[in-house]
Amino acid sequence: MKIRIKYAKTGVLRYIGHLDVMRYFQKAIRRAELDVAYSQGYSPHQLITFAAPLGLGVTSEGEYFDAEMNSLTSSEDMVARLNATMAPGMEVKDIVQLKEGAKTAMAVVAASDYLITCREGYGDIRDFTDALEAFYSQERIEVVKVSKTKETQMDIKPFIYKLEAGENGIYMLLSTGSVDNIKPELVMEGFCHYLNRDYQKLAFQVHRLETYMRNEAGALVSLLEAGEHFYES
Amino acid sequence: MERLALSDEILMAVEKPARYIGNEVNSVIKDKSSVAVRFCMCFPDAYEIGMSHLGIQILYDMFNRMEDVWCERVYSPWPDLDAIMRQKEIPLFALESQDPVREFDFLGITLQYEMCYTNILQILDLSQIPLIATERGETDPIVIGGGPCSYNPEPIADFFDLFYIGEGETVYGQLLDAYKENQKKGGTRYQFLEMAAEIEGIYVPQFYDVTYHEDGTIQSFEPNNPHAKRKIRKQVVMDFDSVPYPMKPIVPYIKATQDRVTLEIQRGCIRGCRFCQAGAIYRPTREKNVELMKQYALEMIKNTGHEEITLSSLSSSDYEGLPELTEFLIEEMGKLKVNIALPSLRIDSFSLDVMKRVQDIKKSSLTFAAEAGSQRLRNVINKGLTEDMIREGAMKAFQGGWNKVKFYFMVGLPTETEEDLKAIPELCEQLAVDYYTIPKEERIGKVSITASSSFFVPKPFTPFQWASMNTEEEFLEKAHFVKDHFFQQKNRKSLSYRYHDADLTIMEGIFARGDRKLAPAILQAYRNGCMFDAWHEMFHQEIWDQAFEDHKIDIDFYTHRERSVDEILPWDFIDIGVTKQFFIREWERAKKAEVTPNCKQKCSGCGAARFGGGVCFENKN
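As they're listed, the protein sequences go chains A and B.
The number in the numbering used here is simply the position in the first sequence, starting from 1, with 91 added.
The number in the numbering used here is simply the position in the second sequence, starting from 1, with 1 added.
Keep in mind that the hints are not guaranteed to be accurate.
[What the hints assert, rightly or not] Heads up, simulated BS3-like pairs for lysine-lysine below, C-alpha to C-alpha not over 27 Å straight-line:
#1 A/K239 <-> B/K303
#2 B/K232 <-> B/K518
#3 A/K239 <-> B/K256
#4 A/K118 <-> B/K447
#5 B/K249 <-> A/K184
#6 A/K274 <-> B/K17
#7 A/K118 <-> A/K239
#8 A/K118 <-> B/K405
#9 A/K100 <-> B/K447
#10 B/K405 <-> B/K491
#11 B/K232 <-> B/K33
#12 A/K292 <-> B/K249
#13 A/K292 <-> B/K232
#14 B/K491 <-> A/K118
#15 A/K100 <-> B/K249
#16 A/K184 <-> B/K303
To be clear, the hints were calculated from the coordinates, so they are not data collected in a lab.
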């Protein structure tokens, strides 16, 4: 049986990289004494997979991983047991049991939304919001995507599902996943370019609000929708 | 801890920012207004190295069990952050509270290896604490050193207010009580040092004067303060089962070098290898109760979530409860899917059976710490391992499916001849020959025998403390000689040989038996950019050469020179319980290649029995 765990990573834990978060949860699951399933062999490892890696420095309240379990108690009990062993900054928000045949979190991730604010000492995000609508209403939004091997010019407009100014910062909903993965930093870089302003990566604090998948109707829904809460029998 | 000492800009600019944010699972946060003493524990190397060290976890736990003490940690900032902190004048901070180290009452630095000496200065400098102890003011922390290198603290004596000689679990309570008492009565720093000097095991270097003969050897070593003792007695835990042990060790976020639960099953070693300092300074050998170890194993795995467990001791095979403990671990850890990493065990039927059950034979190798190639030289160093034992152990393993062997040797041992060096490749060759006596259908492919050698450094408090150490040229010549002889073996394709760097070994040799005259050179090397000397890519030979030259340090005086047993050695003021007479006897026996029985076979009267426990009193009711 598979479960999906939703967690938040905030505060100073934004400096813990993705691989270390994976190691962190493997240890947390042992501390919480959850009955997770292991692979066979001399060095058995837990059968867990993470949804979408989060960049260093980014905080989030919508992170997910899946775990194969041998047995379950209840959603509530397992959330409580994990939270009893969390470091400040990590919080397990919810756990559901995945329906039969559900694909892994990594496979189904389709989008994430973010809130962008200015870091202290880097001005006010409201200085940027005025021009946001004009930027987003362009027909094409051309950016240069740099990877390890090459630089490619691309139009990211189709992958920005929403871009709007909110009270607390810039809100954006972006395509996420193994194909068409658009990072919020890339959007901000394109936006700064549009404004003829230098893009300083450090100027913006990125906070992920939620990670989404598509339901049968094609609508973006929380990754938790693939499962249900469970109770002690 | 939401407030960090470093800004986002800095943390995003440096490698592995997780080294500096604290907040790890099981780290301890206290209310600083409710504690009387703040102690900052330091391992002067990178976070990943320091976090792997058992001793700090033990002391951290011990201090934090004290209600009115808050112990925190600090490690060497990596050079990238080091540069930023200097440029922006950011004071070095402790991980837990993120408060500057200079605001603490104590800064305790563990001295695990000689090549960390410039990192001590880095820690002090970044903390904005004066480097020289006598230049520190009333508000600076008391800087205290401990660990193996404090058994000859003289090269770094100028940088420390105190050294703690011995095992940390004994007199720290007394020391902190003296500190609190002095605070209460409004005493000065100097008055506290005088109180500390009265405590067993505490050495206050500034309370001693050293004079030298014209040839550079020590003429006198005398206390200059009435509170200072002539001899500092090593502190030992004798009630080893009831001493606190960290049930909730800190779990780092980033991968530490040793990322697992460590059970300390034994302290000390019965073997008496003559090159080994640990085997002398941790005498007498004490074992922990096996039932206690089982209980610790379960509790520590539960509290950390680690996926591996290992045993710590100088010679696990000598631990009486080993079969019972390994049986328990295989059973219980198997249920929890926790790996068991076994330290090097003596190769025999028992260990082979255990190894087969906990690891994949195809991937694992047998390890022999033979230390010397010839039986004669193994007798000189009192390594109780015979060629027959090695061959028998290896043969059993080959028959059991192993085909990889690792050997550790030392080159440059006292009395070593060309014959002894040739014996290294010959021993490896012999095992290869033995391997191929097994019928082809019963063996698994080719045998692979890897030998690696380090260069021998004579250490204080060993029978070799008077011995001549080889020069860099001699070391390299010998290593090349050994390598050439590997090429001459019939089975050379199954053998490989590698040797360590000789330049760092020489440095280690200088500091290991050094005296107070070295401090100005260490200070200059640091000022000119030396740090992280243990990391070969950051080691700058030319800066050290210049520092030694400028301070008229003759390297051979410290390394190559054989000492007479009458000479006052820099560390003679320390009494480790093992007598000088014993070391002299052992030095004489070594020269005659005479073996001394181990502590369980027969007591050799080393002196450690005066501690009143451990192996000295087992089976002697």
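Right, here's what the structure says about each hint:
A distance of roughly 41 Å separates the Cα atoms of A/K239 and B/K303; the hinted pair therefore is violated under the 27 Å criterion. For the hint linking B/K232 to B/K518, the alpha-carbon distance of about 21 Å falls within 27 Å, and the restraint holds. Of the supplied pair hints, the one linking A/K239 and B/K256 holds, its CA atoms being roughly 25 Å apart against a limit of 27 Å. For the proposed pair A/K118 and B/K447, the alpha carbon gap of about 39 Å is over 27 Å, so the pair is violated.
With a C-alpha separation of about 25 Å, the suggested pairing of B/K249 with A/K184 holds against the 27 Å cut-off. With a C-alpha separation of about 22 Å, the suggested pairing of A/K274 with B/K17 holds against the 27 Å cut-off. Of the supplied pair hints, the one linking A/K118 and A/K239 is violated, its CA atoms being roughly 32 Å apart against a limit of 27 Å. Taking the CA atoms of A/K118 and B/K405, the gap is near 32 Å; set against the 27 Å cutoff, the hint is violated.
At most 27 Å may separate the alpha-carbon atoms for a hinted pair to count; A/K100 and B/K447 exceed this at roughly 51 Å. Simply put, B/K405 and B/K491 have alpha-carbon atoms about 18 Å apart, close enough for the 27 Å limit, and the pair holds. Distance check on the hinted pair: B/K232 and B/K33 sit about 37 Å apart at the alpha-carbon level, beyond 27 Å; violated. Taking the CA atoms of A/K292 and B/K249, the gap is near 39 Å; set against the 27 Å cutoff, the hint is violated.
As the CA atoms of A/K292 and B/K232 are separated by approximately 60 Å, the hinted pair breaks the 27 Å bound. For the hint linking B/K491 to A/K118, the alpha-carbon distance of about 49 Å lies beyond 27 Å, and the restraint is violated. A threshold of 27 Å between alpha carbons decides the hint, and for A/K100 with B/K249 the separation of about 23 Å falls inside it, so the pair holds. Under the criterion of a C-alpha separation no larger than 27 Å, the hint pairing A/K184 with B/K303 is consistent with the structure, at around 23 Å.
Going through the hint list in order, the structure does not satisfy hints 1, 4, 7, 8, 9, 11, 12, 13, 14.
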